[in-house]
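Enquirer: Residue numbers for the sequence shown follow this note's numbering, so the first one is 5 and each next one is one higher.
In short, the hints are calculated from the structure, not lab data. Hints are supplied without guarantee of correctness; some may be wrong.
Stated by the list, open to error - Once the Cα atoms are required to be at most 20 Å apart in a straight line, the calculated DMTMM-like pairs of lysine to aspartate or glutamate come out as:
1. LYS382 - GLU23
2. LYS119 - ASP41
3. LYS133 - GLU323
4. LYS62 - GLU34
5. LYS279 - GLU267
6. LYS286 - ASP297
7. LYS16 - ASP194
8. LYS146 - GLU181
9. LYS133 - ASP194
10. LYS360 - GLU378
11. LYS133 - ASP297
12. LYS146 - ASP194
13. LYS133 - GLU23
14. LYS182 - ASP257
Claimed, not checked - Pair by pair, the computed Cβ-Cβ distance ranges are:
15. LEU83 - ARG19: 43 to 51 Å
16. ASN158 - GLY47: 52 to 60 Å
17. ASN148 - ALA104: 48 to 56 Å
18. SER358 - ASN148: 28 to 36 Å
19. ILE15 - VAL121: 28 to 36 Å
20. ASP37 - ASN147: 47 to 55 Å
21. ASP355 - ASP87: 48 to 56 Å
22. TYR325 - ILE69: 27 to 35 Å
23. SER81 - GLY47: 57 to 65 Å
24. SER81 - ASN294: 35 to 43 Å
Glycine included, each C-beta is placed from N, C-alpha and C at the ideal position.
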Amino acid sequence: MSESQTKKYQIKKYRLILEAYSPIHIWSGETLDKRFDAVERNGSVYIIDISRLIELAKNMNMINIFDNPRYIQTILSTLNITDVEGVARYKLSGSLKLSALGGSTNVNKINPMIKLVDYKSYIPGSEVKGSIRTAILYYKCKNNPQILEKALHNLSKALHNLSNKSNVKKTAASNLEKEVLRNGKDMHYDLLRSLIISDLYPSQRDTNLSLGEILLLTPRLRRVILLGEYIDPSTQLYGNTGIRIIPDTYNVDKNLLVNACREFSRDIVIHEKTKLNELKSKTQDASISNIYDQLIKFYTGLDDALNNGSTIIRLGYGEGYFSTTIGLLLYGNKEFSTRYKALFSKLNIKDPISRKVIVVKGSKIMPLGWARIELQDKL
Numbered sequence: 005m006s007e008s009q010t011k012k013y014q015i016k017k018y019r020l021i022l023e024a025y026s027p028i029h030i031w032s033g034e035t036l037d038k039r040f041d042a043v044e045r046n047g048s049v050y051i052i053d054i055s056r057l058i059e060l061a062k063n064m065n066m067i068n069i070f071d072n073p074r075y076i077q078t079i080l081s082t083l084n085i086t087d088v089e090g091v092a093r094y095k096l097s098g099s100l101k102l103s104a105l106g107g108s109t110n111v112n113k114i115n116p117m118i119k120l121v122d123y124k125s126y127i128p129g130s131e132v133k134g135s136i137r138t139a140i141l142y143y144k145c146k147n148n149p150q151i152l153e154k155a156l157h158n159l160s161k162a163l164h165n166l167s168n169k170s171n172v173k174k175t176a177a178s179n180l181e182k183e184v185l186r187n188g189k190d191m192h193y194d195l196l197r198s199l200i201i202s203d204l205y206p207s208q209r210d211t212n213l214s215l216g217e218i219l220l221l222t223p224r225l226r227r228v229i230l231l232g233e234y235i236d237p238s239t240q241l242y243g244n245t246g247i248r249i250i251p252d253t254y255n256v257d258k259n260l261l262v263n264a265c266r267e268f269s270r271d272i273v274i275h276e277k278t279k280l281n282e283l284k285s286k287t288q289d290a291s292i293s294n295i296y297d298q299l300i301k302f303y304t305g306l307d308d309a310l311n312n313g314s315t316i317i318r319l320g321y322g323e324g325y326f327s328t329t330i331g332l333l334l335y336g337n338k339e340f341s342t343r344y345k346a347l348f349s350k351l352n353i354k355d356p357i358s359r360k361v362i363v364v365k366g367s368k369i370m371p372l373g374w375a376r377i378e379l380q381d382k383l
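Work out the full structure: start from the sequences and follow the hints.
Expert: Written out as structure tokens, the structure reads:
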């Protein structure tokens, strides 16, 4: 490799540590049913390997037990299987029983966490990079409002060619990324092209998954919508980050990454605390009010962590609209909403009153997806 090539692809390497601040759920895309796929034993939930059960039934000349749908507990009892660990794909901490917090007992859906082929959990590097990308986009728009206004102006001019809200939102995102992350140039100059993030794995990879109720929460109702597998708070995962220094292009560096994540997270935390207090004042349900109190307490602690220098991101299921967009910059912006009234009408920027939250260990309520990250220099 020539000296010029070496200079072209210099990489600053870091060890990346991610610590779950609240439960993290990244859905695998698979859906399970607790009646047919899971059993509970001694404080653990076992996800049963159906193919293994079928093989056992064949060996026992009892394959006809699968001729009709049966609850998994019935099948295990019929086959006289008491050691469920021997027929399980993996196990989780938690319970299949629903608490009273969700206001429902008729939910059977389980959303598994993304895993490796050996059922060990991890966090894809693309999830972390996506969170960082949104934070940098927000940070640069907030601190360079002329860039945001230019993108809104160009999009407003092109509005008559966009047939529906979906096209408007896609075009808005594309225009913003081109202006903010590529300085108006093609993908070769994309700011995040220089950032490489590996997948992250916990050091104790078989002890970090639990099962909890995910609730939809509004001032008037709390409703369980599914059971979700999650990475426990305080679990640490490890990976690697490389930042390529590419001459003559648009580069990211550690300071930009850290500052962007901190400022984006802080603004979301401030907004959430304000909004939760507002929603709490509108509810007449004492149990919902108590849930809001728990969430406000959580965000107060997260605010303290930011004040103490933590770098915070949000990722995975249940992040919410403002954690995945720059919508917080536009929400309530009277100047922009007046100037670009037709555009804002199609963008439909609003803060929903509903929140997705999770019940941890049967009693504690937390928001989903918050994590602390740290970049340690590699020698």
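Enquirer: Keeping to a limit of 20 Å between CA atoms, is the pair of LYS16 and ASP194 held or broken?
Expert: At roughly 18 Å apart (the allowed maximum being 20 Å), ASP194 and LYS16 satisfy the hint.
Enquirer: Taking only the CA atoms, is the gap from LYS146 to ASP194 under or equal to 20 Å?
Expert: Holds, at roughly 19 Å.
Enquirer: Within 20 Å, alpha carbon to alpha carbon, are LYS182 and ASP257?
Expert: Given pair LYS182, ASP257 holds - Cα atoms ~19 Å apart, limit 20 Å.
Enquirer: Sort out whether ASP194 lies within 20 Å of LYS133, counting only the CA atoms.
Expert: holds (13 Å)
Enquirer: Note whether the CB distance of TYR325 and ILE69 lies within 27 to 35 Å or breaks it.
Expert: violated (47 Å)
Enquirer: Cβ-Cβ distance between ASP37 and ASN147: within 47 to 55 Å?
Expert: For ASN147 against ASP37, whose Cβ atoms are near 48 Å apart, the range 47 to 55 Å holds.
Enquirer: Quickly compare the C-alpha distance for LYS133 and GLU23 to 20 Å and report which way the hint goes.
Expert: With a Cα-Cα distance of about 15 Å, the restraint between LYS133 and GLU23 holds, given a limit of 20 Å.
Enquirer: Taking the Cβ atom of SER81 and the Cβ atom of ASN294, is their distance within the range 35 to 43 Å?
Expert: holds (39 Å)
Enquirer: Mind checking the alpha carbons of LYS360 and GLU378 for me, to see if they're no more than 20 Å apart?
Expert: violated (27 Å)
Enquirer: With the threshold set at 20 Å, check whether the alpha-carbon distance from LYS279 to GLU267 stays at or below it.
Expert: Holds, because 18 Å separates the two Cα atoms, which is no more than 20 Å.
Enquirer: Taking 20 Å as the top limit, are the C-alpha atoms of LYS62 and GLU34 close enough?
Expert: violated (26 Å)
Enquirer: Is it true that the CA of LYS286 sits at most 20 Å from the CA of ASP297?
Expert: holds (13 Å)
Of the numbered hints stated above, those contradicted by the structure are hints 4, 10, 11, 22 and 23, listed in ascending order.
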